[in-house]
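Q: Heads up: the sequence lines are chains P and G, in that order.
The numbering of the first sequence is this note's numbering, which starts it at 1 and goes up by one.
The numbering of the second sequence is this note's numbering, which starts it at 113 and goes up by one.
Just so you know, these hints were derived from the structure itself, not from any lab.
Quick caveat: nothing in here was measured; it's all calculated off a predicted structure.
Idealized CB from N, CA, C, for every residue including glycine.
Hints may be right or wrong, so weigh each one.
Computed beta-carbon distance windows for the label pairs [claimed, not checked]:
id: 1; chain 1: P; residue 1: E30; chain 2: G; residue 2: R189; range: 27 to 33 Å
id: 2; chain 1: P; residue 1: T27; chain 2: G; residue 2: E128; range: 24 to 30 Å
id: 3; chain 1: P; residue 1: A72; chain 2: G; residue 2: R189; range: 23 to 29 Å
id: 4; chain 1: P; residue 1: T84; chain 2: G; residue 2: G205; range: 38 to 44 Å
id: 5; chain 1: G; residue 1: R133; chain 2: P; residue 2: K34; range: 17 to 23 Å
id: 6; chain 1: P; residue 1: G22; chain 2: G; residue 2: A140; range: 22 to 28 Å
id: 7; chain 1: G; residue 1: K150; chain 2: P; residue 2: A28; range: 24 to 30 Å
id: 8; chain 1: G; residue 1: P215; chain 2: P; residue 2: T95; range: 30 to 36 Å
id: 9; chain 1: P; residue 1: E16; chain 2: G; residue 2: G205; range: 35 to 41 Å
id: 10; chain 1: G; residue 1: A210; chain 2: P; residue 2: S29; range: 38 to 44 Å
id: 11; chain 1: G; residue 1: E142; chain 2: P; residue 2: G22; range: 18 to 24 Å
id: 12; chain 1: P; residue 1: A28; chain 2: G; residue 2: G205; range: 36 to 42 Å
Protein chains: 2
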Amino acid sequence: MARFEKHLFICCNRREAGHARGCCDPTASEALHKAFKKVLAERGLNRRMRANKAGCLDQCEKGPTVVVYPEAVWYGRVTEADVTEIVEQHLIGGTPVARLLMPEDEAANPPR
Amino acid sequence: MARFEKHLFICCNRREAGHARGCCDPTASEALHKAFKKVLAERGLNRRMRANKAGCLDQCEKGPTVVVYPEAVWYGRVTEADVTEIVEQHLIGGTPVARLLMPEDEAANPPR
Chain P
1 MARFEKHLFI CCNRREAGHA RGCCDPTASE ALHKAFKKVL AERGLNRRMR ANKAGCLDQC
61 EKGPTVVVYP EAVWYGRVTE ADVTEIVEQH LIGGTPVARL LMPEDEAANP PR
Chain G
113 MARFEKHLFI CCNRREAGHA RGCCDPTASE ALHKAFKKVL AERGLNRRMR ANKAGCLDQC
173 EKGPTVVVYP EAVWYGRVTE ADVTEIVEQH LIGGTPVARL LMPEDEAANP PR
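Next up, chain P with everything else stripped away, as it sits in the complex (with noise of 0.2 Å):
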């Protein structure tokens, strides 16, 4: 059933200045997500890989975040500066950067 082979979602999700959760796109630039969408399709990648916007992905502390399905893979305060190292390392090598992962030992789902 499977249509990508990997298939990322990038949170893009905007709450006003100055909220407690703060939020994984505060300037709503989509820049991440943009950033992840050059980097498959400069790779020839962009067919059988796809680069999602994503609503609140309910991470917010732990932003700005990526999920990477069907394996969940989640990836925690990701910046522009660490989408090739994703790609290559992880969507293409097969093995998560550790450095960015989700830490499991932080609440998933806070209260609100």
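Given the coordinates of chain P, assemble chain G onto it according to the supplied hints.
A: Relative to the frame of chain P, chain G by itself:
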């Protein structure tokens, strides 16, 4: 690593009227996403399972599109009337709703 037992992505993409590919949410109502959220919450599943808004999932001709991870089950032509059945039969019961499965015989990524 999974933070949600089931993670649904509901395409909320809107294109201008008359676009050759159409789109999944022509009225920009996000009604399908809201319906999934409502049914999950009513059944107390909204911390174990998440219904997320998504940008274009690139299956426009067969939309409105919903994909369920981690199993990568793709649904097409989903309406609000289908939401309870997907939640009960698939997300809770484990059996995808066959009549809504996206056909494999159309190109997954037609030219744009």
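Q: Would you mind marking each hint as holding or not holding in the structure?
A: Hint check results:
1. E30(P) with R189(G): 27 to 33 Å: Because 28 Å falls inside the window, the suggested range holds.
2. T27(P) with E128(G): 24 to 30 Å: holds (25 Å)
3. A72(P) with R189(G): 23 to 29 Å: holds (27 Å)
4. T84(P) with G205(G): 38 to 44 Å: holds (42 Å)
5. R133(G) with K34(P): 17 to 23 Å: For R133(G) and K34(P) the Cβ distance comes to about 21 Å; the hint holds.
6. G22(P) with A140(G): 22 to 28 Å: With Cβ atoms ~26 Å apart, the hint holds.
7. K150(G) with A28(P): 24 to 30 Å: Check passed, 27 Å falls within 24 to 30 Å.
8. P215(G) with T95(P): 30 to 36 Å: holds (34 Å)
9. E16(P) with G205(G): 35 to 41 Å: With a Cβ separation near 40 Å, E16(P) and G205(G) satisfy 35 to 41 Å, so the hint holds.
10. A210(G) with S29(P): 38 to 44 Å: For S29(P) against A210(G), whose Cβ atoms are near 41 Å apart, the range 38 to 44 Å holds.
11. E142(G) with G22(P): 18 to 24 Å: Since the Cβ atoms of E142(G) and G22(P) sit about 23 Å apart, the hinted range of 18 to 24 Å holds.
12. A28(P) with G205(G): 36 to 42 Å: Taking Cβ atoms as reference, A28(P) and G205(G) lie about 39 Å apart, which means the hint holds.
When each numbered hint is compared with the structure, no violation occurs for any of them.
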